[in-house]
Amino acid sequence: MNLAATSFGIAMAAGALSIVAALTIPARARSALVGSGVAITGLAGVAAGAAAMTGQAFSLALTGVLPLSGVSFSLDALGGLFVAVTGGVAVATGIYGISYAREGSRSTQAALPVFVTAMLLVPVASTVGTFGLAWELMALASLLLVLTEHRHRPEVAGAGRWYAVLTHAGFITVLIGLLLLAGHATGDSFPELREAAGHLSPAVAGIVFVTTLAGFASKAGIVPLHAWLPRAHPEAPSHVSALMSAAMVNLGVYGIVRIGFDLLGGGPRWWWLLVLALGAVSAVYGILQAAMGTDLKRLLGYSTTENMGLVLIGVGAAGLFAASGDRGLAALALAAALLHVVGHATFKTLLFLAAGSVLHATGTRDLDALGGLRSPMPVTTAAFGWGALAASALPPGTAFVSEWLLLQALIHGLPASGVATAIAMPVAVAAVALTAGLAVATFVKAFGVGFLARPRSSAAGNAHESPATMLAGMAVAGAAAAVLAVAPSVVLPGVAAASNAALGAAGPAVTGVVTLRLAGIAGSLSPLMLTLALLAAVLATAGAVRLLSTRRARRAARLWDCGAGPLSARMEYTATSFAEPLQRVFDDVVQPETDVDVTHHRESDYLVAAVEYRRRVPDRIERRLYQPVLTALSAWGQAGRRLATGSVHRYLGYGFYAVCGVLLLVAVTR
Amino acid sequence: MPGDTGYVQALDLACGALLLTAVLIVWRRELAVLIRVFAVQGLAVAGLVAVLAAHERSAELAAVAVGLAVLRAGILPAVLRRALAKAGQARRETRPLVNVAASLLAVAVLTMLAYAVSQPLIALAPSAATQAVPVGMTVVLIGFFVLVTRRRALSQLVGFLLMDNGITAVGFLTTSGAGLAVELGVSLDVLLAVLVLQVLASRMWDTFGSADLDELRELRDS
Amino acid sequence: MSALGIVGGVVQPVVVVAVSPVLVGLMRQVRAKLEGRAGAGIGQPWRDLRKLVRKEPIAPRGTSEVFRFAPLVLVATTLVVAVVAPFATTDSAVPAGADLFAVVALLALGTVALALAGLDTGTAFGGMGASREMTIIALVEPTLLVAIFALSVRVGSTGLGAIVTSTLHDPARVISPVSLLAAVALVVVIVAETGRLPVDNPSTHLELTMVHEAMILEYAGPDLALVELASAMRLSVFLGLLANLFLPWGIATTAAPLAILVGLLAWVVKVALLGAVLAAGEVFLAKLRLFRVPELLAGSFLLALLAVAASFFLA
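Residue numbers (my numbering), protein chains in the order written: chain F, 78 to 747; chain B, 100 to 321; chain W, 5 to 319.
Where hints are given, some of them may not hold.
Lysine to any residue pairs mimicking SDA-like chemistry, simulated, CA-CA at most 25 Å apart [to be verified]: (1) LYS291/W / VAL281/W; (2) LYS55/W / ARG632/F; (3) LYS37/W / LEU292/W; (4) LYS55/W / LEU636/F; (5) LYS55/W / ALA621/F; (6) LYS55/W / LEU624/F; (7) LYS37/W / LEU289/W; (8) LYS59/W / LEU624/F; (9) LYS291/W / GLU657/F; (10) LYS291/W / ASP664/F; (11) LYS185/B / THR306/B; (12) LYS37/W / THR208/W; (13) LYS55/W / SER180/W; (14) LYS185/B / GLU129/B; (15) LYS291/W / SER654/F; (16) LYS185/B / ALA201/B; (17) LYS55/W / PRO206/W; (18) LYS59/W / ALA630/F; (19) LYS37/W / VAL273/W; (20) LYS59/W / GLU657/F; (21) LYS291/W / ARG404/F; (22) LYS59/W / VAL567/F; (23) LYS55/W / VAL622/F; (24) LYS185/B / GLY105/B; (25) LYS185/B / LEU196/B; (26) LYS59/W / ALA22/W.
Simulated from the structure, these hints should not be mistaken for lab results.
If you're wondering where the values come from, they're calculated on a predicted model, not measured in any experiment.
If we strip away everything but chain F, and leave its shape as in the complex, we get (with noise of 0.2 Å):
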């Protein structure tokens, strides 16, 4: 027994308990409880995810669980990975969820405990059954967690519907795909699938790949099966959301690394062409909606769906490469892409944590109408400061490291051969810099706006610091965002052991310890040397500033008002505002719809009361390809009433028919 599989079997045990703890333990120390259990599964998760990825691996099979073919799991560098993720994302929400989460009624609080195992079984499983299994235990728990709240708005229940549609929706094409890969092999276990892809035709794999692809891309929130994630995360309780953003999604991308590389064997470039078009729409419309948007946790939820797309691009690099036999940078681009993926979890946890506190706080989560959070909530504000740079790919930040990273992949991807490739580098490029620009500006607009300067309503204004536990789940997000803004070279032995499992490459694609150098590359970075000179730079700035300024007492000052009288905070510039000018700009791609609603004097027409001026930006993607499925659809239902005559004798002459023809079929084809 090594200690992944100790580690494993701790967090599985943990967990259990706290299901049993749920369900079991009053109110008043259940929530408490619940979240600590859930912690101590998350480190036991991250233990034994990191001793996999150090090359300790596990395999168990337990046949009598599951009738017919039982279950079996085992433990590799690959899911050890997302088993770590995963497990980091739970210690967070579950020290947050102490507080946040109190008022729970029990089968929400014992839903917790559920998806956290479910989402660390995903990655252990290695037969079909097993993945479908824990796939589905997964869906189903967030599903409970979502509608957490339904009886508080009534917006939660058509959030749930659209969750858990596109989720068994993908789920079904996922359990199509591997169906069809299992009836061409002789088992369902994946060293089985393994070998049978080895003698499958290129239009079977392909059916297979696209299908698993799009179940995978639709749960980790990727255009156009994206359109649960807008609607789910602002809805579900905050430390649901940051579980879902920062590790349920992420469980996309592993289907689709797991699928593609290691089960099929990579494949032909169309393949990966196609993940990287994907990748590239998914992040630049996912940020577009982003920076128009002013519902803070949807401008979150659409945010990952911009980090899921960059972390596509680099998948689809790496197969592009892998194609071209070039497996050295393929392993650089997938190491940058799984990089981008522990990255993006620490960060997005931060920011959802950090959003919740203040829905906590204020009860409302328009920014348009928050603001000047800085002085009652100082620490959570620091928090999603801190959140918002990781996230904006600048140095020092988290998301700077695996962008660099991706970026050099790209670049160094031009000489390796084929026109396909050739265009698609400069687009990706491209793609990833739109990115980056709009990123920037949806965060200094979710920061500026939310938390700066004065409350734009009196709900911003009677806010108050969140219970110590938020602040310390907070906390553990932040300081792991941190470590990897400064210090990457501590995950990256392991990452690079992830991407060498997946691609069958050998040696790592990015070593060193303060400056990370890239194996057969020309290229080097240290984020540790760029934050020191920064940090220097400031304290050279101040001390020069103190040394030559001669007076050193600030005075408070009145603010320009143009001589009009005091300011108010209506004269803010709202999230709305601050985001009209890059709006008009996208104007063909957003398609706003605005609404002026004048109000005229009773006495004249030409006296003018009140304007209110309302924008909405609509999902246009959903308007353009879901309404007419919906219309077809209901349509169709429509059509099929006429079936329901009402004669209970046509009923069952329907299932008599059918069953004869079924037979006649069966005998006539066999």
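Starting from the known structure of chain F, fit chains B and W onto it as the hints suggest.
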């Protein structure tokens, strides 16, 4: 082997009785006769299982055979008779949806279908028992047909029970015992279904004065 | 980290800090002469800075540490770029930071700090400046990164030292279509990033036309001195990068004192020339409407994309 020939003959006898009773249920229209024929079929199924028990020398199967006899030849027909007593004058099936001649023709077609479908099953493990599987399949299809084409709730109930008899027969013929627990569970299910439907039929009779299902036309969504 | 790099890391920031206000003064003087005015003299920006540093520091009511620290962050990021970039020497004091992406991202960090300070004031002007500046940044980043892509492909690395050294060894590359297209794209980017005409007017006093000035409206005293110094330094850093990426001759490749002196002088001369040309061009330009700026930036993006296409099909 002589023991074997005896076994095969007994098996064929039981299956023949099964098929014959099924055809009789399609042919006759008096409800009391239907119930009596159904009881005989119950005995035939029990007899089938007893033959298998004797061949396998299994006490468990013998116990199952006795249980089946009690249930399907005793309890269920009693319940059905009680429901019939409430029905009053209407002691015949009134104009089934498909007339008797066409029904018998349909039965012939269904028999051929059942034989065609069962061939792969027989090819899987040829033996005396599996050769009789098509009979069970036929009974299932006939039961479904009766369920669909009768107007009276009671006749439909008989059709449903016919299906169950057929499924039990096929189950025992192919696996020589689907497990005592499974059989118990299924029997309990069937008993409950019958009780519920009996209550339903009597309620319908009380409310509408007839148990003609064709009169019910409100079960739709508009 | 070689001796050459350390010398460069010490000498460059001093020269940049000293020379940048002079550069701004030079550009204003060129404009003045061309417009028929006497001008205030090259040393006026330094005189302004000295005056501002001696004034009383101010904290507007309702602002927080973001407002107070933004000028420090702005100057610090530009200082780090001045230390790291190859202006006088090809080697850098922090070789692991002399990456084109890192440098671009650091400069963007400075702008972000200022935008947050603008939002922190809570006035409509601060918000307006921040909003406009962020729009311009969002549209300039793609052009910048794609232009870097075009430059790095030939060299095989994004390290600034490597790019400069390879251009030194192969001077003919400068007149290739790739370099020319990338250079034009980068000129437009620099105009946008440093807030010069036609994107922004640095000497306007009408609040509604301001982009950069609106963000710093509330700054006074030493804070304003830092901000003005930082914007001057950014101008010289950007022009210096443009100069040395495309015209690196004169840069010091050995640690001999004469070579370093020549490198510094060559850099100062190149930056002064570029600044003068820029100022002269500004005389003939008017500021573009804010909503026409994206068209200009889109044009520069197209040029950068063409540079990339050329770098492959002509390689």
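Okay, the hints, checked on the actual structure:
no.	hint	verdict
1	LYS291/W / VAL281/W	holds (17 Å)
2	LYS55/W / ARG632/F	holds (18 Å)
3	LYS37/W / LEU292/W	holds (24 Å)
4	LYS55/W / LEU636/F	holds (22 Å)
5	LYS55/W / ALA621/F	holds (16 Å)
6	LYS55/W / LEU624/F	holds (15 Å)
7	LYS37/W / LEU289/W	holds (16 Å)
8	LYS59/W / LEU624/F	holds (14 Å)
9	LYS291/W / GLU657/F	holds (20 Å)
10	LYS291/W / ASP664/F	holds (23 Å)
11	LYS185/B / THR306/B	holds (13 Å)
12	LYS37/W / THR208/W	holds (19 Å)
13	LYS55/W / SER180/W	violated (47 Å)
14	LYS185/B / GLU129/B	holds (15 Å)
15	LYS291/W / SER654/F	holds (23 Å)
16	LYS185/B / ALA201/B	violated (30 Å)
17	LYS55/W / PRO206/W	holds (20 Å)
18	LYS59/W / ALA630/F	holds (11 Å)
19	LYS37/W / VAL273/W	holds (20 Å)
20	LYS59/W / GLU657/F	violated (37 Å)
21	LYS291/W / ARG404/F	violated (51 Å)
22	LYS59/W / VAL567/F	violated (47 Å)
23	LYS55/W / VAL622/F	holds (13 Å)
24	LYS185/B / GLY105/B	violated (45 Å)
25	LYS185/B / LEU196/B	holds (24 Å)
26	LYS59/W / ALA22/W	holds (21 Å)
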